[in-house]
Amino acid sequence: MNPIEIENVDVAIIGGGPSGLSAAIELRKLGVDKVVVIEREPEAGGIPRHCGHPPFGFWEYGRIYTGPDYAKRNVEEALKAGVDIRVKHSVTRLGRGGRVEVVSPEKGLIIQANRVLIATGARETPRSARLVGGDRPLGVINTGAFQSYLYLEHLKPFDRPLIVGTELVSLSSIMSCRRAGIKPVAMIETNNRATARWPLSLFPRLCGIPTHYGAQLLEIHGIGRVEGASVRLVDGHIKEFDCDGVLLTGCFIPESSLVRLSDLTLDLKSGGPEIDQYGRCSDPVYFAAGNLLRPVETAGWSFREGRRIATMIAFDLHGRLPAAERTVEIICKGELKLCVPQRLSLSSVVGMKHLQMRVSRAAKGRLVVRADGEELWSRPSSSLPERRILIPIASLNVPKGVQQLEVDFVGQ
Amino acid sequence: MTKPFPNQTDAYDVVVIGGGVVGCAMVRRFTLEGARVLLLEKSPDILSGASKGNSAILHTGFDAPRGSLELQCMKDGYREYLDIHQKMSLPLLKTGAMVVAWNEDDLQKLEGIVRQAHDNGVADVKLMDRHRVRTLEPSLALNALGAVEVPGEYLIDPWSAPLGYLLQALMHGAQVRFNSEVNGGRFEGEAWSLDTTSGVVRGKTIINCAGLFGDLLEQKLLGESSFSIHPRKGQFVVFDKAASRYLTHIVLPVPNERTKGIVLTKTVYGNLLVGPTAEEQEDRIHAGLDSEILGQLVDAAVERIPALLGMPVTATYAALRPASDKKEYRVRRVEGQNWITVGGIRSTGLTAALGIAKHVFSIYQSRHLPIAATSLQWPSLPNLAEHLPRDYQRPGYGEIICHCEMVTLREIENALSSVLPPGDLGGLKRRTRVCMGRCQGFYCGARVAELSAGHLAIPLATGVCHESH
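In order, the protein sequences belong to chains R and W.
1 is the number of the first residue of the first sequence in our numbering; add one for each residue after it.
1 is the number of the first residue of the second sequence in our numbering; add one for each residue after it.
One thing to keep in mind: the hints can contain errors.
[Stated by the list, open to error] Covered by chain W, per the in silico footprint, the following chain R stretches (three or more residues, Cβ under 8 Å): (1) 95 to 107; (2) 115 to 126; (3) 152 to 165; (4) 210 to 223; (5) 386 to 400.
I should point out that these hints are in silico values taken from the structure, not numbers from a laboratory.
From the three backbone atoms N, C-alpha and C, an ideal C-beta is built for every residue, glycine too.
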């Protein structure tokens, strides 16, 4: 075998979605010389590439794009800014100190980066990880695959699916169905109300799709293709749906496979790498941004987050970020299921502006931050799963000597 | 591969019914011994029944019933696999196994297990105390009180191996017909005439390797069956590749009267597997998953390897073992009817298949004397095992289609245009691992639908859509 080529770069960015590309653009604007985006697909752009619907890009570009057009615009801006985008390049290993192992159709190489930004995004939970019962026929897929079928391959994976979930992505799948002439038989949701916000949650009903809340998918039937599905309705009655597909929407999880296989510390709660407010991982050469950090945010949020973490990386390249040693750990309690960042570096250098949190189920009460049992900050709050909860980091005056902050949701 | 039938009146020496691992090994053995063999498979691909789901272990036979045909076939099959695997580029991961005692009751049984292993001729099996268990497998829970070490238990690729057996047979002139279910037939003195869904087939000797349907096939063709199949379902959970770092050996349970216990093992593909359950059922077709039981398997795995807490699940599957009313393999020749039944081959079939084929040939040989092939040809199977070089590590692969399992465009195209191309998505997955990783097709499903269009019995897509954005 040939000796493996080593390429030195300033910043390697893994993933060419909204956060990766916006970070790359920003780094170039901040004068960082060699910025390489490593993208495993044949085209950069990320998940918006196959979201064939608006609204994307208003915050970034002052106009409304469809997903694919937004993805294209991001790529154009990156190329214009002098970003080196390597498509069909797959990272196989995140080594210590920024040694990134990569394969491409032509060769394997090592990219030795001063800093690495991991921006590998999120994906939906598949049937297997949901432990759904029954047979394993064709036609049980996630929205991501569904949209790729329609918008990238112009194929239909089914004609009469049962849709599982009521997140924003679930509603966008209804739009996709309508445009492709696919007729969903029903939409089901385990919770007692829709996850997406009103009035969007009215959308399925407006489209004439029966919606069942408090309903649990029990079993999928079919030997070749899906032939039906059994669902336990809220009243305990089991209903058989006559469908030829099951569309499992939402339940996003960070695409953190590379992190799991590396030495970086993974946060079991968010499913992403553990970071401080600068987006810095447990190996301070590595940073992370976008939906890899937590499920799940909009493309616009990811774009802004990528840009902010890029400024942190540029700072760090100039030695202006504080050392990663003195940190305060943030502990989630009560209904809070995750918090990003997971630790705060004690420094006046401003990083991310907020602690981002999610609840595991609908909660109402007071959001409280405590240090050694003393209340530092609180606010009345109510939230539902998958909704963003923010606490301004600037409002937390962490007393000296504190090792941990507790964030709690105190019910009423 | 469905070659045109050569001559309707010219009977095959042997017709093997059923393309599971045993059927594939059978076709290989008989073909290499010089017989003209046809394989009939009712599905669009091989390995569509019991053989599609197992724990992928090459067993030594240390715990097989003493003096049984099962033990003999396992030992022969084991030996032959070790002999031939490199010639076919089939993987072998030499992990060794531990039969772990999780409580005092288990611990009492370890000595008996060692004794039986020695009786079975597996001489290197020995006891291990808890410290040694801890040293070798530091991730196991603290209640691993001791173990029996079985150094010769290895991991193999359970789908490439039988595919290799059949490919070698095809190289030596065997034929295979898919979508060919046997509905009836008669023995006409010299040969059998079989009515199949793809026409009449004549064969001088029939070998029934129909697995879950072996007893029904006998009823249909012989008028009665000497055994009855009682399907036993096994459900499995596959954890993310990150989990495989927590285990080196195959962790086997100490069998007891109440439960069979579960196996924890890596796979050659780099995952970690937990299962199987053992659930009796009537249904021979549906191997349904049960959320609650899958959850219990996850919990059981976490109980034994605490570091698995929070580890994502990559895949879940279930398969049916063709257990019969007796534990012993049901191999018999029906006198005067040129019929050999190979039934009731359960979990040990993957290991024993090559040995079973040898045994069945010896039964057959007492009446027929074909001339064996003199110079053997060997197929080279594409490697899917993680511990050996994969296709993506070789330049010119085109594109990586499945990122979770690192499956290349070149691998998929090669599989689709091979001598024995996949008949359905399951077959494509088994040949390439496409869509078998942690995202289960989230990223590559649509691309696979496009690439496989026109190749599979049931296409992934139901139609085209002309929507443009």
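(message) I'd like to know which numbered hints this structure contradicts. Please list them from smallest to largest.
(response) 5
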